[in-house]
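S.K.: Protein sequence lines correspond, in order, to chains A and B. When the first sequence is numbered by my numbering, its final residue is 453 and no position is left out of the sequence of numbers. When the second sequence is numbered by my numbering, its final residue is 334 and no position is left out of the sequence of numbers.
In case anyone wonders, no lab produced these hints; they're calculated from the structure. Where a beta carbon is used, it is the ideal one built from N, C-alpha and C, also for glycine. Heads up, a few of these hints could be off.
To be verified - Now the in silico label distances, taken between C-beta atoms and shown as ranges:
| hint | chain 1 | residue 1 | chain 2 | residue 2 | range |
| --- | --- | --- | --- | --- | --- |
| 1 | B | Asp192 | A | Lys207 | 15 to 25 Å |
| 2 | A | Lys207 | B | Glu227 | 28 to 38 Å |
| 3 | B | Asp76 | A | Lys418 | 52 to 62 Å |
| 4 | A | Ser394 | B | Asn133 | 32 to 42 Å |
| 5 | B | Thr134 | A | Phe344 | 43 to 53 Å |
| 6 | B | Lys196 | A | Gly219 | 21 to 31 Å |
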Amino acid sequence: MKIIVCVKQVPDTTEVKLDPVKGTLIREGVPSIINPDDKSGIEAALSLKDQYGAHVTVLTMGPPQADAALREALAMGCDEAILLTDRMFGGADTWATASTIAGALKTMEFDLIITGRQAIDGDTAQVGPQIAERLNLPQVSYVEEFKCEDGKLFLKRQFEDRYQELEVKLPALITTLSELNKPRYMTVGGVFDAYGEDKVKTISYQDIKDHVDVANIGLKGSPTRVFKSFTKSPKALGQFHDGVTTDQAVELIVSKLKEKFII
Amino acid sequence: MSANVLIYCEQRDAALQKVSLELIGKGKELADTLGQKVIAVLLGKNISGLAQELIDHGADEVIYADHDYLADYLTEPFTKAFSAILKEQDPEIVLIGATSIGRDLAPRTAARIHTGLTADCTALDIDPNTKGFLMTRPAFGGNIMATIICPDHKPQMATVRPGVMVVRKKEAHKGVIREFTVDFQPEDINVKILNTVKKSNKRKDITEAKILVSGGRGVGSGENFGALRSLAAALGAEISASRGAVDLEYVEKDRQVGQTGKTVRPDLYFAFGISGAIQHVAGMESSELIIAVNKDAEAQIFQYADLGIVGDLHKVIPKLVDALTAESST
Numbered sequence: 191m192k193i194i195v196c197v198k199q200v201p202d203t204t205e206v207k208l209d210p211v212k213g214t215l216i217r218e219g220v221p222s223i224i225n226p227d228d229k230s231g232i233e234a235a236l237s238l239k240d241q242y243g244a245h246v247t248v249l250t251m252g253p254p255q256a257d258a259a260l261r262e263a264l265a266m267g268c269d270e271a272i273l274l275t276d277r278m279f280g281g282a283d284t285w286a287t288a289s290t291i292a293g294a295l296k297t298m299e300f301d302l303i304i305t306g307r308q309a310i311d312g313d314t315a316q317v318g319p320q321i322a323e324r325l326n327l328p329q330v331s332y333v334e335e336f337k338c339e340d341g342k343l344f345l346k347r348q349f350e351d352r353y354q355e356l357e358v359k360l361p362a363l364i365t366t367l368s369e370l371n372k373p374r375y376m377t378v379g380g381v382f383d384a385y386g387e388d389k390v391k392t393i394s395y396q397d398i399k400d401h402v403d404v405a406n407i408g409l410k411g412s413p414t415r416v417f418k419s420f421t422k423s424p425k426a427l428g429q430f431h432d433g434v435t436t437d438q439a440v441e442l443i444v445s446k447l448k449e450k451f452i453i
Numbered sequence: 005m006s007a008n009v010l011i012y013c014e015q016r017d018a019a020l021q022k023v024s025l026e027l028i029g030k031g032k033e034l035a036d037t038l039g040q041k042v043i044a045v046l047l048g049k050n051i052s053g054l055a056q057e058l059i060d061h062g063a064d065e066v067i068y069a070d071h072d073y074l075a076d077y078l079t080e081p082f083t084k085a086f087s088a089i090l091k092e093q094d095p096e097i098v099l100i101g102a103t104s105i106g107r108d109l110a111p112r113t114a115a116r117i118h119t120g121l122t123a124d125c126t127a128l129d130i131d132p133n134t135k136g137f138l139m140t141r142p143a144f145g146g147n148i149m150a151t152i153i154c155p156d157h158k159p160q161m162a163t164v165r166p167g168v169m170v171v172r173k174k175e176a177h178k179g180v181i182r183e184f185t186v187d188f189q190p191e192d193i194n195v196k197i198l199n200t201v202k203k204s205n206k207r208k209d210i211t212e213a214k215i216l217v218s219g220g221r222g223v224g225s226g227e228n229f230g231a232l233r234s235l236a237a238a239l240g241a242e243i244s245a246s247r248g249a250v251d252l253e254y255v256e257k258d259r260q261v262g263q264t265g266k267t268v269r270p271d272l273y274f275a276f277g278i279s280g281a282i283q284h285v286a287g288m289e290s291s292e293l294i295i296a297v298n299k300d301a302e303a304q305i306f307q308y309a310d311l312g313i314v315g316d317l318h319k320v321i322p323k324l325v326d327a328l329t330a331e332s333s334t
C-alpha cells in the first residue's frame, strides 16, 4: 500500500504575540512546526505501515526551509520525502495550492492520500478537499478514527452533533484531526538517517508542468486576494479589581448580575 | 439570469441548522445593497417542507433537490447537486455555514466550478466603490484579521462562522419554491455510511446557551470542573472551556470556545482560570457581558472583561453559588 501524507510547515501560532504599540505580529523567534493536524496524518500513515506494511511518502509545498519539516517526518519513520518548491508557486491561495499539489500527485503512485484537516496559520480546511476534487477521488474529512481491512478504509467522521461510521474504497483522500492519535517522537536513528544526503527530493514547476497549467499556480492562479489585514482593537476596558477578598469578589459579581437583570 | 446572493441552507434530519437562518439574514442585507434577490438552496430527502421557513426569514426564492442520495451528508452527491445549481443560477455571491459539513462541501464545490473561497468569515460587506464582496476572517490563529476579495471569478464564495450573523425576524412572506432535479448515477456514491451515532441531546450546544460558565487550565482538573457545573446549574447555564482545558481532558472537545473551537456570544460569559490567549478571545469577545476571575493580575483576559477580578476561583465559585442560591430563595 502506498500512502502520501501532505503536510504544511507553519509558525506555531500559539507563540505569536502582538506588538502592543505597532499592532503588528511579532514573528521573530516564533518556531516553525509541522502543522498539528498534519502530524496526526503522519502518525496515521505510520501506524498503517506498522500494522500492514506500507510505503509512506511525505510531501510539502513551501519555501526551501520547509525541508526541516520533511526531515522531521523522515525521522518519525516516513520512507520518502518530497519538497515542492518554486518561486512560481509563491502567493498561492487554497485553490492554486491544491492545483499545484494535485499536479505533483498526478506524477506519483498512491492508494491513500492523507492531509490534516486544517493548518493553524490559515485555518481554512480547504486544501484537502480541493486536492481530492482535482484528482477526482472520494474524500472523507474530519476523520477521528480509522482502520484498514481488505483494501477498504473504515472511518469515523466527526460532526458537531454526531459521528458517522463510513466505508471507503481506495484510492481515496482523508483529512485527519489532531484528536486521531498522539504522534510518535522522532527516533535517534531516524534523525541520523533523515539528515543523510538525498533524503529529500525537490520538485519544481518544470517537473509537473504537464499536469498543471501555469495559469493555475501561484499568485496569478489564485482567485482570491488579500485586500487588507489589520489587528482588532480591544474594546473599552471594563472594571478591574485586584486585592479584593473572596466575599467582596462575590459581592461584585452578584451586583453586576443584578445590574444586568440576569438575576 | 440575473446575479443574486445564494445561500446554502444546511439541514440535518430535516431540521434547519440555525446558521442557515443567520446567513439568510446577512444575505438579505447584502442583496438589498446590490439590488439583488436572495436564493436559498436546500438539499436533502423530504425537506421541501422547510422552504417556507426560509422565505419567512428573508429568502425570495427556494431551490430544493430531493433525492435518496441526499438523505445523509456525503461529499460527492452533495457537491454534484450544489455545483449543478450554482451553474444554473450563476450567482454573484454564495454563502455557506462554516460547519463540519459546509467546510467539506464548499471547498470541493469551489474547486469544481473554479472560483475562490474564503473560509470562516466573521464579517461580510460590499465595497461601496467596486461593489465587490469584502470577506473578513481571522487569520494566523486569530492574531490578525484579513479582508479577502475574489475580483475576477464568480461566484464570490464564503463560508461563515456559525453564531456570528443575526437571524432576521420571521414574517410571513410569499416566495417562489422550485424543485431542481439532479441526474444522479450510481458512481456518484463511493462512500458507504455504515452507521450514524448522534451525541446525546441532553446538553445544549454551547453556541445556543444564554449563559456560559467557562473554565481554563487554571481550573486544575476535571474534578474541579464540578464547582463550575454547580454554578452553571444555579444560573441555568452551560459549561464551556478553553483549548487548554480541553487538551488536558477536563471537558469534552464540543465544549471548546475559540479559534479552533466554537464562536459564542451569550448574554453572559464567565471566564474562570482562563488566561485569555487571542485564540480563545476570538471565540467569545462578542459576548454581551464578560466576567473574568483569574489569580494572575496580568492575565490577558482582563483586557476583554467587563468585570475582572483577581482572585482564587476555587474560593470564589462555591461562595458565589451560595449567594445565588440565597438570592433565588428570597
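S.K.: Each hint: holds or not?
M.R.: Now the hints, each set against the structure:
1. The hinted range of 15 to 25 Å is not satisfied by B/Asp192 and A/Lys207, whose Cβ atoms lie roughly 48 Å apart.
2. Separation of A/Lys207 from B/Glu227 is about 33 Å and conforms to the stated range, judged on CB atoms against 28 to 38 Å.
3. Between B/Asp76 and A/Lys418 the beta carbon distance is about 40 Å. The supplied range of 52 to 62 Å is therefore violated.
4. A/Ser394 and B/Asn133 have their C-beta atoms about 40 Å apart, which keeps the hinted 32 to 42 Å range intact.
5. The hinted range of 43 to 53 Å is satisfied by B/Thr134 and A/Phe344, whose Cβ atoms lie roughly 49 Å apart.
6. For B/Lys196 paired with A/Gly219, a C-beta distance near 49 Å fails the hint of 21 to 31 Å.
When the structure is compared with the earlier hints, violations turn up for hints 1, 3 and 6 and for no others.
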